[in-house]
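A.B. asks: If you want the building blocks of each chain, they are given just below.
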Amino acid sequence: MKFGVVVFPGSNCDADCYYVIKDVMGQPVRYVWHQERTLNGLDCVVLPGGFSYGDYLRTGAIARFSPVMEAVSDFAERGGLVLGICNGFQILCEAGLLPGVLMQNTGLKFICKFLHVRVETTNTPFTSMCRVGQVLRIPIAHHGGNYFADEATLAELKREDRVVLRYSSPSGDVAPEYNPNGSLDNIAGICNKGRNVFGLMPHPERASERILGSEDGRLIFASILNSFAKQKL
Amino acid sequence: MPKAKVLVTLKPTILDAQGQVIQNALESLGFTNLKRVRMGKYIELTLEADGRDLNQEVREMCEKLLANPVMEDYSFEIVEC
Chain A
-14 MKFGVVVFPG SNCDADCYYV IKDVMGQPVR YVWHQERTLN GLDCVVLPGG FSYGDYLRTG
46 AIARFSPVME AVSDFAERGG LVLGICNGFQ ILCEAGLLPG VLMQNTGLKF ICKFLHVRVE
106 TTNTPFTSMC RVGQVLRIPI AHHGGNYFAD EATLAELKRE DRVVLRYSSP SGDVAPEYNP
166 NGSLDNIAGI CNKGRNVFGL MPHPERASER ILGSEDGRLI FASILNSFAK QKL
Chain B
182 MPKAKVLVTL KPTILDAQGQ VIQNALESLG FTNLKRVRMG KYIELTLEAD GRDLNQEVRE
242 MCEKLLANPV MEDYSFEIVE C
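In order, the protein sequences belong to chains A and B. Under my numbering, the first residue of the first sequence is numbered -14, with each subsequent residue one higher. Under my numbering, the first residue of the second sequence is numbered 182, with each subsequent residue one higher.
Be aware that a few hints might be false.
[Claimed, not checked] With the Cβ distance kept under 10 Å, some of the chain A side facing chain B (calculated, not the full set):
1) Asn90
2) Thr91
3) Phe133
4) Asp135
[What the hints assert, rightly or not] Pairwise CB distance ranges (calculated):
5) Phe95/A <-> Lys216/B: 28 to 38 Å
6) Ala230/B <-> Lys7/A: 13 to 23 Å
7) Glu258/B <-> Gly198/A: 28 to 38 Å
8) Ile96/A <-> Lys216/B: 27 to 37 Å
9) Gly26/A <-> Gln199/B: 26 to 36 Å
10) Arg195/A <-> Arg240/B: 34 to 44 Å
[Unchecked claim] Here are the computed lysine-lysine pairs in the DSBU-like style, where the Cα-Cα straight-line distance is at most 35 Å:
11) Lys94/A <-> Lys186/B
12) Lys(-13)/A <-> Lys143/A
13) Lys98/A <-> Lys222/B
14) Lys(-13)/A <-> Lys245/B
15) Lys143/A <-> Lys222/B
16) Lys143/A <-> Lys192/B
17) Lys192/B <-> Lys94/A
18) Lys222/B <-> Lys186/B
19) Lys94/A <-> Lys216/B
20) Lys94/A <-> Lys143/A
21) Lys245/B <-> Lys94/A
22) Lys192/B <-> Lys98/A
23) Lys186/B <-> Lys245/B
24) Lys192/B <-> Lys178/A
25) Lys192/B <-> Lys216/B
26) Lys222/B <-> Lys94/A
If you're looking for bench data, these hints aren't it; they were derived computationally from the structure. For glycine and all other residues, C-beta sits at the position ideal for the given N, C-alpha and C.
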C-alpha cells in the first residue's frame, strides 16, 4: 500500500508520519510537496500536523489553496484514503472536505499532552481494527482544536455515524471534564460522508511505539492497511 | 486610491474566548460597565480603481478566503484615500 505525506510550508509532523509508515508499518511512502498537482500511484494521503503558513488568518486557511489540495480533493472524490492529523484536520475543514471548523481552544493555551479518546465507530477504514468504545491513549498538541459545526451539521454527523473519536476519561466516559479544548460534543475526529476522509486532532504518529509511551496510535495505521487489503480481495 | 476596510467577526452565537478574557481584564482594571466584549479582525485592502466592481470583488475575497462562513461574519466599507 503506497502512502504520500504532504509537506506544506510549516508542516512539522511530516517526518514523524513518514517514519511511522515506513519503519513501523513497513510500507512504501513518499513526501508530496504542496506544489505538486498529482497523487498518481498513491493509495493513502496523509496531511500531517504543523503550522502551515504560520496559521496566519486562520489555521489551514492558506494551505487549503495550495496546488496539491485540488489533487487531494480529486483523490478523495475517487475514493482514495485521506488522513488529516491536527493541522491536516484543520486544512481538510477549511477545504470543505470535512464539515465544520477548528477554532482556538477555549482556554486560549497551546495544549501538548497525552489524553484519551473513545472510538465511536469502527465503520471507517481508519478504525476498522478497533472496537466500538475502545479507549486510545494518544497525545494532542494544538492551539486550535475546538471543533465547531452548526446544529444541523452536528445532527447529520451523529445520524450518519461520522463522529469517529471523542475525548473521554481513561475508562471511556465522555464528559465535559475530559474535553481539553472546548470541542463541540467532545469531538476529536470525524469522517466525511464517503468515510474515506478522516480528520483528527490527536497525533497517532506520536503514539505508535512503546518507547514513546503508547502504541495505540498504531491501530489507526493498522486499520488503514487492513481495510486496504480487504478491499483488494 | 480606494481602500477596503474589512471587519471579520465571530458569529454572535459563537463563544469568543478572547473577548471574554479581554472583558475580564477590563473589569479588573475597574471598567465595570461592560456588557459584552467581542474580538474580531480588521483587514485593510488597498485596491486599484480599474473600473471593476470593487464591492463585488471584495465580497468575493471575503467569501473565498478572509472569513470562514461556518463561524464568522464579515462586513466592509470602501473608502477613497
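A.B. asks: When you check the alpha-carbon spacing of Lys98/A and Lys222/B, does it fall within 35 Å?
C.D. replies: 30 Å, holds
A.B. asks: Is the straight-line distance between the alpha-carbon of Lys(-13)/A and that of Lys245/B 35 Å or less?
C.D. replies: 33 Å, holds
A.B. asks: Indicate whether the distance between the beta carbons of Arg195/A and Arg240/B respects the range 34 to 44 Å.
C.D. replies: Cβ of Arg195/A to Cβ of Arg240/B: about 54 Å, so the range 34 to 44 Å is violated.
A.B. asks: Do the beta carbons of Phe95/A and Lys216/B sit within 28 to 38 Å of each other?
C.D. replies: 30 Å, holds
A.B. asks: Against the 35 Å threshold, does the CA-CA distance of Lys94/A and Lys216/B hold or violate the hint?
C.D. replies: Cα-Cα ~25 Å, so holds.
A.B. asks: Holds or violated: Lys192/B and Lys216/B, Cα atoms, limit 35 Å.
C.D. replies: Satisfied, since the Cα-Cα distance of roughly 17 Å is no more than 35 Å.
A.B. asks: Against chain B, with CB atoms and a cut of 10 Å, does the hint on Thr91/A hold up?
C.D. replies: Hint on Thr91/A: holds, closest Cβ of chain B at ~5 Å, below 10 Å.
A.B. asks: Take a quick look at whether Lys222/B and Lys186/B sit within 35 Å of each other, Cα to Cα.
C.D. replies: 10 Å, holds
A.B. asks: Tell me if Asn90/A is really an interface residue toward chain B, meaning its C-beta lies closer than 10 Å to one of theirs.
C.D. replies: Since the shortest Cβ distance to chain B is 8 Å, the answer is holds.
A.B. asks: Please work out if Lys245/B and Lys94/A have their alpha carbons no farther apart than 35 Å.
C.D. replies: Measuring from Cα to Cα gives roughly 28 Å; hence the hint holds.
A.B. asks: Would you mind confirming whether the straight-line C-alpha gap from Lys143/A to Lys222/B stays at or under 35 Å?
C.D. replies: 33 Å, holds
A.B. asks: Taking 13 to 23 Å as the hint, is the beta-carbon distance of Ala230/B and Lys7/A inside that range?
C.D. replies: 54 Å, violated
Of the numbered hints stated above, those contradicted by the structure are hints 6, 7, 9 and 10, listed in ascending order.
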